[in-house]
Amino acid sequence: MKAVVLNGSNRDENPLNIWENIIVEKLENRGWEVETVELRNIKLSTCIGCFGCWIKTPGQCILKDNGVKICKAVARSDLLVLLTPVTFGGYSFELKKMVDRLIPNLLPLFTKINGEIHHKTRYEKNPKLLVIGYHPQYDEESERIFKELVHRNAINMDSPANHAEVVTGDINDVKGVAMLRKIKVIS
Amino acid sequence: MSEYTKVFLLMGSPKGEKSVSNNIVSYILEKFHENGVKAEKIVIVKQVRTDDALNKLVSKAIDSDILILVSPLYVDSIPSITIKVLEEFYKLTKNSLRKKQKFMAIFNCGFPEPHHNDLAMDMCKKFASDSGLEWAGGVTIGMGPSLDGRSLEKFRMARNLCNGLDIAVEALMKGESVPREAMLIASKPLMPLSIVKFVMCNFGRFLWGNQMDKSVKKKMYDRPYES
Chain A
0 MKAVVLNGSN
10 RDENPLNIWE
20 NIIVEKLENR
30 GWEVETVELR
40 NIKLSTCIGC
50 FGCWIKTPGQ
60 CILKDNGVKI
70 CKAVARSDLL
80 VLLTPVTFGG
90 YSFELKKMVD
100 RLIPNLLPLF
110 TKINGEIHHK
120 TRYEKNPKLL
130 VIGYHPQYDE
140 ESERIFKELV
150 HRNAINMDSP
160 ANHAEVVTGD
170 INDVKGVAML
180 RKIKVIS
Chain B
0 MSEYTKVFLL
10 MGSPKGEKSV
20 SNNIVSYILE
30 KFHENGVKAE
40 KIVIVKQVRT
50 DDALNKLVSK
60 AIDSDILILV
70 SPLYVDSIPS
80 ITIKVLEEFY
90 KLTKNSLRKK
100 QKFMAIFNCG
110 FPEPHHNDLA
120 MDMCKKFASD
130 SGLEWAGGVT
140 IGMGPSLDGR
150 SLEKFRMARN
160 LCNGLDIAVE
170 ALMKGESVPR
180 EAMLIASKPL
190 MPLSIVKFVM
200 CNFGRFLWGN
210 QMDKSVKKKM
220 YDRPYES
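Top line first, the protein sequences correspond to chains A and B.
Per numbering that gives the first Met the number 0, the first sequence starts with residue 0, numbered consecutively.
Per numbering that gives the first Met the number 0, the second sequence starts with residue 0, numbered consecutively.
For the record, the hints were derived by calculation from the structure and aren't laboratory data.
Note that the structure is predicted; figures quoted are calculated from it, not measured.
There could be a bad hint or two in this list.
Stated by the list, open to error - Capping the alpha-carbon separation at 20 Å, the derived lysine to aspartate or glutamate pairs in EDC-like fashion look like this:
| # | chain 1 | residue 1 | chain 2 | residue 2 |
| --- | --- | --- | --- | --- |
| 1 | A | LYS71 | B | GLU225 |
| 2 | A | LYS124 | B | ASP221 |
| 3 | A | LYS63 | B | ASP221 |
| 4 | A | LYS55 | B | ASP221 |
Stated by the list, open to error - Label-pair distances were calculated between CB atoms; the ranges are:
| # | chain 1 | residue 1 | chain 2 | residue 2 | range |
| --- | --- | --- | --- | --- | --- |
| 5 | B | THR49 | A | GLU140 | 30 to 36 Å |
| 6 | A | ARG10 | B | ILE166 | 39 to 45 Å |
| 7 | B | GLU180 | A | ASN28 | 55 to 61 Å |
| 8 | B | ASP51 | A | ASN9 | 18 to 24 Å |
Beta carbons are placed, not taken as given, at the ideal position from N, Cα and C, and that holds for glycine.
All chains, full assembly: derive it from the sequences and hints.
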């Protein structure tokens, strides 16, 4: 089983970096093959909205940088883990620039899901989605937006399972670590 | 509205000026100019390439009295380059005393249902409250790509959107928030949803195929990364 962990932390000292280690350790102990990417440390362009990945080179972004490799790894994975500071309820710039670059894994064509129009997925099998957000203090509205965003991303990515969690407080918060150890989507 | 009122429009499409968001910005700019109000547009994608350019953009945005963001929806949310601007704005203003400043957001998506934009709108509201801005209202637009290529008033199907934006601009010029009525009018679907959904689900291959070279059409369903 393969997992891709995308860390959207925007600085070196961030609880997300500690949680990344815990998640990787947990997965590796269970025999998973894990690929991690610290997004702020790699060359990664932002999506230019050209739809080249649909109408010029179907399934492949026309921007030839690390985004292509990550997109490929995600397409071949069983679990996608996203780590991000919660930014106005959503993902950080660092994480969102890669999430925007994942659209080659969708088809331009449409389908109805629960009565709503969404894109069809390109691949038969798509990864489960686990998203961990960090917010220094508890914020009800941020958490609501964040969980709804992950739910909608999972619909669009046709993820067979998804889980979103917002962790608050200190880096070494025992509750946060305990929570991570219980997340079932990894099992 | 005082002649010193500064209106600043952030155009958030990564596609730059050849975009539906830019069409909407141009329409709003014209409405402000017709009323003698100086409004300025900034194309975000041109201003995030260097830290200097980004700082200038954010400083101008902070200095405005009315800030309007017009953006497409990218993967259920705000495009990354626009998140970067909002993050910088928040960073520079979070611990300072803020003057009274209004913030309005307009999102458009490729799906027919305008409500796909609702989460992006919620994030903008959260940005406003976290940054000490007064939330002035929002407009959500579905079927955005059908408003591409021509000015907004030339599209018959955009008449509700134009009417709603007219009321919004008028309210902002009086120093008021955008009336709920204007938001509802502007956010009405451009065409009956049942028809559009039927066409998109059944003729999608034809609609997208028209934009592809013959050789690429055959590869539309390719799975280059299949293991």
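| Verdict for ARG10 of chain A, ILE166 of chain B (Cβ pair) under range 39 to 45 Å | 43 Å, holds
| request: Given the hint of 30 to 36 Å, check if THR49 of chain B and GLU140 of chain A actually sit that far apart at their C-beta atoms. | output: Cβ of THR49 of chain B to Cβ of GLU140 of chain A: about 33 Å, so the range 30 to 36 Å holds.
| field | 18 to 24 Å as the expected CB spacing between ASN9 of chain A and ASP51 of chain B, which holds or is violated | value | The hint (18 to 24 Å, Cβ to Cβ) holds, given that ASP51 of chain B and ASN9 of chain A are roughly 19 Å apart.
| message | Need the status of pair LYS55 of chain A, ASP221 of chain B: alpha-carbon distance at most 20 Å? | response | With Cα atoms ~12 Å apart, LYS55 of chain A and ASP221 of chain B stay inside 20 Å; holds.
| query | Quick one, are LYS63 of chain A and ASP221 of chain B close enough, alpha carbons at most 20 Å? | reply | Distance of about 18 Å is within 20 Å: holds.
| request: Compare the distance between the alpha carbons of LYS124 of chain A and ASP221 of chain B with 20 Å, and conclude whether the hinted pair is satisfied. | output: Between LYS124 of chain A and ASP221 of chain B the Cα gap is close to 14 Å, so the pair holds against 20 Å.
| task | Verify the proposed pairing of LYS71 of chain A with GLU225 of chain B, using a straight-line Cα cut of 20 Å. | result | This hinted pair holds, its Cα atoms lying about 8 Å apart.
| task | Indicate whether the distance between the beta carbons of GLU180 of chain B and ASN28 of chain A respects the range 55 to 61 Å. | result | With Cβ atoms ~58 Å apart, the hint holds.
Consistency with the previously given hints is maintained throughout, with no hint failing.
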